[in-house]
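J.: Residue strings, one per chain:
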Amino acid sequence: MKSAVQIKLSLNGKDVSCEAHPFARLLDVIREELGHTGTKEGCGEGECGACAVLLDGKVVNSCLVPVTQAIGKTVTTVEGLSAKDGTLSTLQSAFVENNGAQCGICTPGMLIAAYDLLSKNKNPSLDDMREALAGNLCRCTGYMKIFDAIKDAAKKLEAAR
Amino acid sequence: MEKWIGKNVIRREGPDKAMGKARYVDDLRFPDMLYGATVRSPVARGRIKGIRFTGNIPWNEFTIVTAKDIPGKNVVALIVDDQPFLADAFVNHPEEAVVLLAHQDKYLLEEARRMVELDIEPLPAVLTIDEAIAKKAIVWGKDNIHKELRIIKGDVDAAFKTAAKVVEGEYFTGAQEQLYIETNGMISVASPQDGVTVWGSLQCPYYVQKALRSLFALGNDKIRVVQTETGGGFGGKEDYPSMIAGHAALLAWKSKKPVKIIYDREEDMAATTKRHPSRTRIKTALDTSGRITAIDIDFVVDGGAYVTLSPVVLSRGSIHAAGPYEFANVRVRGRSVATNTPPHGAFRGFGAPQSLFAIEKHMEHVANELGCDAVEFRNKHFLTQGKVTATGQTLGEKVMMHELMHKALEKIDYAKRREKFKAENKRPGNTVKRGLGIAAFMHGSGFTGAGEKYLASVAGVEGTDEGRVRVLAASTEIGQGTNTVFSQIVAEALGLPIEMIEVARPDTHVVPDSGPTVASRTCMVVGKLVESAAIGLKQTLVQGRYLNANYTPLEFAEAVKSYVKKVGQLKAFSEYRQPSHIVWDENLYKGDAYTTYAWAVYVAQVAVDTVTFETTVEDFVGFQEIGKVVNPILAEGQIEGGIAQGIGYALYEKVVWRDGRMANNQMTNYIMPTSMDLPPIRVFFEEVPYFNGPAGAKGIGELPIDGPAPAILNAIEDAFDGKVTVNEIPLTPEVLMASFARST
Numbered sequence: 001m002k003s004a005v006q007i008k009l010s011l012n013g014k015d016v017s018c019e020a021h022p023f024a025r026l027l028d029v030i031r032e033e034l035g036h037t038g039t040k041e042g043c044g045e046g047e048c049g050a051c052a053v054l055l056d057g058k059v060v061n062s063c064l065v066p067v068t069q070a071i072g073k074t075v076t077t078v079e080g081l082s083a084k085d086g087t088l089s090t091l092q093s094a095f096v097e098n099n100g101a102q103c104g105i106c107t108p109g110m111l112i113a114a115y116d117l118l119s120k121n122k123n124p125s126l127d128d129m130r131e132a133l134a135g136n137l138c139r140c141t142g143y144m145k146i147f148d149a150i151k152d153a154a155k156k157l158e159a160a161r
Numbered sequence: 001m002e003k004w005i006g007k008n009v010i011r012r013e014g015p016d017k018a019m020g021k022a023r024y025v026d027d028l029r030f031p032d033m034l035y036g037a038t039v040r041s042p043v044a045r046g047r048i049k050g051i052r053f054t055g056n057i058p059w060n061e062f063t064i065v066t067a068k069d070i071p072g073k074n075v076v077a078l079i080v081d082d083q084p085f086l087a088d089a090f091v092n093h094p095e096e097a098v099v100l101l102a103h104q105d106k107y108l109l110e111e112a113r114r115m116v117e118l119d120i121e122p123l124p125a126v127l128t129i130d131e132a133i134a135k136k137a138i139v140w141g142k143d144n145i146h147k148e149l150r151i152i153k154g155d156v157d158a159a160f161k162t163a164a165k166v167v168e169g170e171y172f173t174g175a176q177e178q179l180y181i182e183t184n185g186m187i188s189v190a191s192p193q194d195g196v197t198v199w200g201s202l203q204c205p206y207y208v209q210k211a212l213r214s215l216f217a218l219g220n221d222k223i224r225v226v227q228t229e230t231g232g233g234f235g236g237k238e239d240y241p242s243m244i245a246g247h248a249a250l251l252a253w254k255s256k257k258p259v260k261i262i263y264d265r266e267e268d269m270a271a272t273t274k275r276h277p278s279r280t281r282i283k284t285a286l287d288t289s290g291r292i293t294a295i296d297i298d299f300v301v302d303g304g305a306y307v308t309l310s311p312v313v314l315s316r317g318s319i320h321a322a323g324p325y326e327f328a329n330v331r332v333r334g335r336s337v338a339t340n341t342p343p344h345g346a347f348r349g350f351g352a353p354q355s356l357f358a359i360e361k362h363m364e365h366v367a368n369e370l371g372c373d374a375v376e377f378r379n380k381h382f383l384t385q386g387k388v389t390a391t392g393q394t395l396g397e398k399v400m401m402h403e404l405m406h407k408a409l410e411k412i413d414y415a416k417r418r419e420k421f422k423a424e425n426k427r428p429g430n431t432v433k434r435g436l437g438i439a440a441f442m443h444g445s446g447f448t449g450a451g452e453k454y455l456a457s458v459a460g461v462e463g464t465d466e467g468r469v470r471v472l473a474a475s476t477e478i479g480q481g482t483n484t485v486f487s488q489i490v491a492e493a494l495g496l497p498i499e500m501i502e503v504a505r506p507d508t509h510v511v512p513d514s515g516p517t518v519a520s521r522t523c524m525v526v527g528k529l530v531e532s533a534a535i536g537l538k539q540t541l542v543q544g545r546y547l548n549a550n551y552t553p554l555e556f557a558e559a560v561k562s563y564v565k566k567v568g569q570l571k572a573f574s575e576y577r578q579p580s581h582i583v584w585d586e587n588l589y590k591g592d593a594y595t596t597y598a599w600a601v602y603v604a605q606v607a608v609d610t611v612t613f614e615t616t617v618e619d620f621v622g623f624q625e626i627g628k629v630v631n632p633i634l635a636e637g638q639i640e641g642g643i644a645q646g647i648g649y650a651l652y653e654k655v656v657w658r659d660g661r662m663a664n665n666q667m668t669n670y671i672m673p674t675s676m677d678l679p680p681i682r683v684f685f686e687e688v689p690y691f692n693g694p695a696g697a698k699g700i701g702e703l704p705i706d707g708p709a710p711a712i713l714n715a716i717e718d719a720f721d722g723k724v725t726v727n728e729i730p731l732t733p734e735v736l737m738a739s740f741a742r743s744t
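Protein sequences, first through last, are from chains B and U.
Our numbering applies: residue 1 is where the first sequence begins, and numbers increase by one.
Our numbering applies: residue 1 is where the second sequence begins, and numbers increase by one.
Chain B with its partners taken away, still in its complex shape (with noise of 0.2 Å):
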């Protein structure tokens, strides 16, 4: 590899370290040189979201952010949504029991999307909901069961405060 920069970042909570291409992207360096590869890459310009992860608690698509911006940031992925025990969060599970999932493949961009929403709205409407995801790009659900998800899951974490 030519001329490859270090770099240091902390990933779902843990510090870690790589070397990588000067122009990688982020979503790269996350899935090759960290192997988390739950992130994934749907259309590498910004449009999909599916490599939708938080960067200090901001929601990036990855495949835009160039790997050197991410130093010295923590980055959240969609592996770093689970509990503490590693099984499903009350978000994730919303999502598998209203089926919210079908192929998957837009799912860990869309449960970032949706963990930012409901971190900031306790009790999203529709119309704030249909906000918060459209950057995020699903072709088998017609978005109808993530939104049951979502909602699903608000009512669960506003019961369990």
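Hints in this document: simulated from the structure, not taken from any laboratory.
Heads up, the beta-carbon is just placed ideally off N, CA and C, and yes, glycines get one too.
Derived coverage of chain U by chain B (criterion: at least 3 residues anywhere in the stretch with Cβ under 8 Å from a Cβ of chain B; other residues may be distant):
#1 24-31
#2 633-640
#3 643-653
#4 664-672
Position chain U relative to chain B; hints supplied.
T.: Frame of chain B, contents of chain U only:
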């Protein structure tokens, strides 16, 4: 005993998908693996004069494959042997593969791909249906016709001679990209000693095996195809994966290293298959009572440069062309024509969305011409039990079109809303007009005609040494729920908890050939085989006195364990046998075209902005009869997703062609529905159990794409009070504006 059919059993692989643990092909890495890339034709048609490897690229580090390196036959074996894996002397469409490259460095590989120069002398190309029929150039066979067929019922010419009125129409549908969110990809390991293995995103493992067998001139035992988790297919991963598997395997064969080919989105959209564009001309004869006495349909689909699946797409489209209606006299002329575009392929619906769009638009137009209510007009012509279809099939089972119509209209409050919109639309200064539109349709379940008989699919179950039951079938899980419904069918048949059922990953070394995962056949046809095999396995245990006829799950598990321990293995298989009452004549296109049909009525509510000519779908009701619903939440999800794709097909998804190549091959400029674009999609089922389906189920996967486009266009015409006629999709604002200008 717990019942599993009709229950919302959660998706079996759902937890892995929600935790990012499901492994798709691009998630797999092999030691010492190379990446593969494809050099493609920039022109629609031409003669290859030379290939040059230019630029400052260390070419000696690359594995380079051309047609000359192919060990067996250079043909993607499917129906007709006309499509090569790699173009040799001629190219017949843009993006046709000519050279393959492999290297361990992805970045260098991409640079190198751009530095291969193809010296191609262009030849005259045919780019549209009209050019193909006019024989602007002969680009395939003698006359550019892949296949032509005729369906004839009664005497159409005689009926036209005595017609009180004749109504004609012409209808167009565009190409549509499947747009599964996971692009195509394959990994291969291959050598003359060990044979060829591929892992990849695909729908039909045995199609890939067949294609690789002739490519490498190897036996089935030397070709292994394994499906990895697949991120959507919709038909787009029916035939093209054979091509990519061949490419990856050729590179692996030559380099002696594992090779991974993953298409990026632009390559996937430009090079792989899409829905066939179509043109349908319909002429109807009416008697004085306003009944259609004869219908004459000329249905043409654009097959692209090679035959691939087009004859079968044409067949399904032609059979569905007369819709869910009984007409005394029917003539359908169906043609698939060759053009120099990438071959069009399977996409959910498989020809039926095109021809059903035409008939459902036409029924609306005839009703308008007669000044008759479109609901009444349809009700008057619906097929019912005992009536005879265009192919001469007498419908033996209950057909509920009238009930579906009634219920769908009730759900959307049709009469009241329509009256309200009519009043609002007339209000001065109101620039947004609303309307309601209907589509009535059916979809044949399983392969057409004798297709299932020839496939003779096999599926099985196996008892494991842990006392569980594992399903052995080549039917792939592509998001539609194969794993879950097969588990439910077996759990129900054996009276076991769902946790005791496993589903084997489709791998040609492990599962039998259950046929392709297409044609809404997985649950109904293969599911039935799985059900029979499960019963067979139980009988083996009972007859061998390992198990009493009445048993607990624990007793069953113990019986399986002891059988496996003593005998070695416990497997049961079931092979498809066509019901004896099914008769089909492939030459005359006469008889029982499908063993059964799913039926539906959809209603759309639209708002049309008469300043911008944008259309918004505000509400959507889908009422369907699909036999017994095996898993309501999965079935709803599949129907909702199909309707969403249908809304895209109707309004947004335009493939822009430039010299035979898709010009807008990006998600940025090919627009599919987002969460902001869709109305509430309301799905309802009517259940008429089908005697020959597992627990009464029929096929559902394709049905929902057939209805939205005609329902939405009919709603748009309703918004303009029938004064604007729209006959083509995608109906972009530009097309609607032009239609409006023509009509006013």
